[in-house]
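**Student:** Given these sequences and hints, build the entire structure.
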Amino acid sequence: MNEKIEMKDQKTGMGQGHVLDLKLPIGWLLSAYGVLLTVYGLVTKKEMYAISLGLNLNLVWGILMLAIGGGFLLAVFLKKDRAGR
Amino acid sequence: MQPVITLNAVDYAIIGGYILVMIFVGYSLKKYMKTGEDFFLSGRSLPGWITGLAFLSANLGALEVIGMVANSAKYGIATIHFYWVGAIPAMVFLGIFMMPFYYGSRVRTVPEYLKLRYNEATRGLNAISFAIMTVLMSGISLYAMALLFKIMLGWSLTGSILFGAVVVLLYVFWGGLSSSIYNEVIQFFLIWLGLLPIVFLGLKEVGGFAGFVAKLKEPLLHSVKYLGTSNNPLGVDWFGVVMGLGFVLSFGYWTTDFLVVQRALASKNINSARMTPIIAAFPKMLVPIIVVIPGLVALLVLPEFSQSALPTTEYNSALILLMKHYLPNGLLGLAITALLASFMSGMAGNVTAFNTIWTYDIYGSYIKKGKSDSHYLRMGKYATVFGVAISVGTAYIVQSFPNIMDYMQLVFSFFNAPLFATFLLGMFWAGATGWGGFFGLLVGILTAAGHYILYKLGIVHYASDMAANFYQALWAWLADFVVTIGVSLFTAKRDPKELVGLVFGLTPKTKAAARWLARPAVWGILAIVIAIVLNIIFW
Numbered sequence: 001m002n003e004k005i006e007m008k009d010q011k012t013g014m015g016q017g018h019v020l021d022l023k024l025p026i027g028w029l030l031s032a033y034g035v036l037l038t039v040y041g042l043v044t045k046k047e048m049y050a051i052s053l054g055l056n057l058n059l060v061w062g063i064l065m066l067a068i069g070g071g072f073l074l075a076v077f078l079k080k081d082r083a084g085r
Numbered sequence: 001m002q003p004v005i006t007l008n009a010v011d012y013a014i015i016g017g018y019i020l021v022m023i024f025v026g027y028s029l030k031k032y033m034k035t036g037e038d039f040f041l042s043g044r045s046l047p048g049w050i051t052g053l054a055f056l057s058a059n060l061g062a063l064e065v066i067g068m069v070a071n072s073a074k075y076g077i078a079t080i081h082f083y084w085v086g087a088i089p090a091m092v093f094l095g096i097f098m099m100p101f102y103y104g105s106r107v108r109t110v111p112e113y114l115k116l117r118y119n120e121a122t123r124g125l126n127a128i129s130f131a132i133m134t135v136l137m138s139g140i141s142l143y144a145m146a147l148l149f150k151i152m153l154g155w156s157l158t159g160s161i162l163f164g165a166v167v168v169l170l171y172v173f174w175g176g177l178s179s180s181i182y183n184e185v186i187q188f189f190l191i192w193l194g195l196l197p198i199v200f201l202g203l204k205e206v207g208g209f210a211g212f213v214a215k216l217k218e219p220l221l222h223s224v225k226y227l228g229t230s231n232n233p234l235g236v237d238w239f240g241v242v243m244g245l246g247f248v249l250s251f252g253y254w255t256t257d258f259l260v261v262q263r264a265l266a267s268k269n270i271n272s273a274r275m276t277p278i279i280a281a282f283p284k285m286l287v288p289i290i291v292v293i294p295g296l297v298a299l300l301v302l303p304e305f306s307q308s309a310l311p312t313t314e315y316n317s318a319l320i321l322l323m324k325h326y327l328p329n330g331l332l333g334l335a336i337t338a339l340l341a342s343f344m345s346g347m348a349g350n351v352t353a354f355n356t357i358w359t360y361d362i363y364g365s366y367i368k369k370g371k372s373d374s375h376y377l378r379m380g381k382y383a384t385v386f387g388v389a390i391s392v393g394t395a396y397i398v399q400s401f402p403n404i405m406d407y408m409q410l411v412f413s414f415f416n417a418p419l420f421a422t423f424l425l426g427m428f429w430a431g432a433t434g435w436g437g438f439f440g441l442l443v444g445i446l447t448a449a450g451h452y453i454l455y456k457l458g459i460v461h462y463a464s465d466m467a468a469n470f471y472q473a474l475w476a477w478l479a480d481f482v483v484t485i486g487v488s489l490f491t492a493k494r495d496p497k498e499l500v501g502l503v504f505g506l507t508p509k510t511k512a513a514a515r516w517l518a519r520p521a522v523w524g525i526l527a528i529v530i531a532i533v534l535n536i537i538f539w
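First to last, the protein sequences are chains C and F. So the first sequence is numbered by the working numbering: it starts at 1 and just counts up by one. So the second sequence is numbered by the working numbering: it starts at 1 and just counts up by one.
Since the hints were derived computationally from the structure, they do not count as laboratory data. Accuracy of the hints is not assured; some may be wrong.
[Said to hold, decoys possible] List time: in silico DSS-like cross-link candidates among lysine-lysine, alpha-carbon distance up to 30 Å: (1) F:381 with F:34; (2) F:369 with F:115; (3) C:23 with F:31; (4) C:23 with F:381; (5) F:497 with F:115; (6) C:45 with F:497; (7) C:80 with F:30; (8) C:23 with F:34; (9) C:79 with F:34; (10) C:46 with F:204; (11) F:324 with C:46; (12) F:34 with C:80; (13) F:204 with C:45; (14) C:79 with F:30; (15) F:30 with C:23; (16) F:74 with F:217.
**Tutor:** If you want it as structure tokens, here you go:
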């Protein structure tokens with residue numbers, strides 16, 4: 001995971017202190033949560049969701065979090081891609 | 001006692017994942033902490049969206065969330081005053097008018113500004129009271145977390161205290177303010193994702209806003225309509241709300257508390273610094289969605305809170321009971337992680353503010369002056385270790401005297417309320433002198449303390465404790481304001497040349513960003529307009 005942490009602000013030579021792009025840990029954490037909740041939502045039975053008014057909220061929320069986390073990772077990927085060209 | 005909530009392996013995996021990511025983030029930042037500015041001010045290198053979200057999260061602690069859900073169950077919609085009246089105007093004011101002096105003068109801390117603008121004594125008074133206050137607050141936050149997890153999940157008190165302290169110590173020791181800020185941004189996302197399911201399910205069950213209107217008592221549904229008299233759920237009249245909460249308490253906290261201001265000082269340039277509190281104002285306006293709605297839902301769906309229940313109901317348990325009521329395992333782990341994250345970031349925020357004030361304003365000013373930067377960086381790391389150690393000690397003291405917690409929070413309010421008068425005069429009136437500032441602040445603090453004693457002895461009366469708190473802030477502010485002016489008229493003025501960059505009117509205007517979309521004033525005005533519209537809708 002370490003090599004994904006890129007240097008920011010290389011152009012200016014500034015920002016020495018803070019080169020960890022925060023979008024990466026947020027993106028990984030939310031995506032991992034998303035996968036975990038989606039899978040858990042798929043394997044659990046309907047009875048468990050009586051308290052959440054019959055909605056399989058683990059599945060719904062898992063997909064949502066995967067989308068948000070994926071969005072952060074995509075933003076980093078696109079930025080790197082642009083910088084690479 | 002049986003724990004309220006039972007977790008399974010999936011929930012624990014979610015909690016564990018968060019802890020691992022935090023430690024990983026702290027460890028990855030370690031190699032970049034080369035100078036004092038890196039450690040204490042993130043090298044002044046962060047973009048506005050990060051400092052803005054951290055600015056908001058530093059205030060969105062777990063105690064705040066639990067307390068505001070409780071307030072909403074107790075007082076209804078009127079709780080929004082803490083957001084749309086009690087926060088937005090102050091945040092916008094900080095960004096537009098005050099940040100040019102904080103960031104522009106290159107001070108590293110709030111007390112340092114006081115030294116440049118007033119004198120050494122004013123700085124000392126503020127630095128020492130603030131340092132004591134943050135380190136005790138960090139202990140309170142630690143204890144509150146341990147107590148909540150004991151009642152909720154049956155975890156051992158000592159285990160939670162030590163575990164929380166070690167995690168926070170590790171990542172602050174490695175990454176300084178950056179670790180703290182990064183954790184706050186992650187917490188921002190977790191709080192929303194963790195609590196929104198409760199909001200959706202709650203609204204679905206009660207039938208949306210129409211359900212509230214049909215089933216709740218009328219005064220709980222209006223924020224302003226019933227403020228004409230003090231005969232409303234809050235027990236405070238409109239003057240107390242607007243002047244006490246909206247003006248003194250809110251401006252005192254948002255514009256002078258180093259815990260929040262430090263985040264803006266970590267920005268990469270003056271425009272980002274000014275945008276920091278303004279960016280934070282937009283999500284701040286939405287926070288009532290995750291606190292007020294759950295509070296109202298609790299009144300309708302939880303048998304413990306039915307409107308015929310006894311008034312002794314423990315409102316602080318509302319959020320926890322809602323989590324138990326609605327969330328299946330999995331999402332439950334996510335909500336618990338959100339609370340855990342906000343406790344930890346609350347503690348980390350206090351520890352980073354403490355190590356900065358200690359190193360720059362106390363150690364570097366009174367104990368060992370003029371040492372090398374690497375000496376102060378080392379001291380900052382030691383200060384982190386003993387700051388955490390004192391927090392653990394405080395957590396144990398609070399444990400044996402639970403009421404101490406309320407008293408400490410009260411004592412801290414004595415220091416915060418008058419400080420805004422000192423800043424207002426300092427930044428906008430060149431005639432305020434060093435000793436004027438010092439005696440104004442001192443008399444302001446003593447006025448707050450004196451008012452509190454008179455209230456407790458029953459010599460002055462208010463309709464509620466909240467009203468007493470609002471008016472106490474107002475008196476303390478007024479005393480500071482009047483005494484600062486009075487003493488300034490009789491003491492030697494500063495040479496105006498020394499005040500350039502510190503006082504409005506003597507300082508050249510900061511150049512506005514070229515693109516009007518990047519201008520703080522544009523976004524600040526937008527935030528104020530939206531806040532006014534929201535206030536009218538929920539009148």
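**Student:** It remains to establish, for every hint, whether it holds in the given structure.
**Tutor:** Each hint, compared with the structure:
{"no.": "1", "hint": "F:381 with F:34", "verdict": "holds (12 Å)"}
{"no.": "2", "hint": "F:369 with F:115", "verdict": "holds (15 Å)"}
{"no.": "3", "hint": "C:23 with F:31", "verdict": "holds (19 Å)"}
{"no.": "4", "hint": "C:23 with F:381", "verdict": "holds (27 Å)"}
{"no.": "5", "hint": "F:497 with F:115", "verdict": "holds (16 Å)"}
{"no.": "6", "hint": "C:45 with F:497", "verdict": "violated (74 Å)"}
{"no.": "7", "hint": "C:80 with F:30", "verdict": "holds (23 Å)"}
{"no.": "8", "hint": "C:23 with F:34", "verdict": "holds (23 Å)"}
{"no.": "9", "hint": "C:79 with F:34", "verdict": "holds (27 Å)"}
{"no.": "10", "hint": "C:46 with F:204", "verdict": "holds (19 Å)"}
{"no.": "11", "hint": "F:324 with C:46", "verdict": "holds (18 Å)"}
{"no.": "12", "hint": "F:34 with C:80", "verdict": "holds (26 Å)"}
{"no.": "13", "hint": "F:204 with C:45", "verdict": "holds (22 Å)"}
{"no.": "14", "hint": "C:79 with F:30", "verdict": "holds (24 Å)"}
{"no.": "15", "hint": "F:30 with C:23", "verdict": "holds (18 Å)"}
{"no.": "16", "hint": "F:74 with F:217", "verdict": "holds (12 Å)"}
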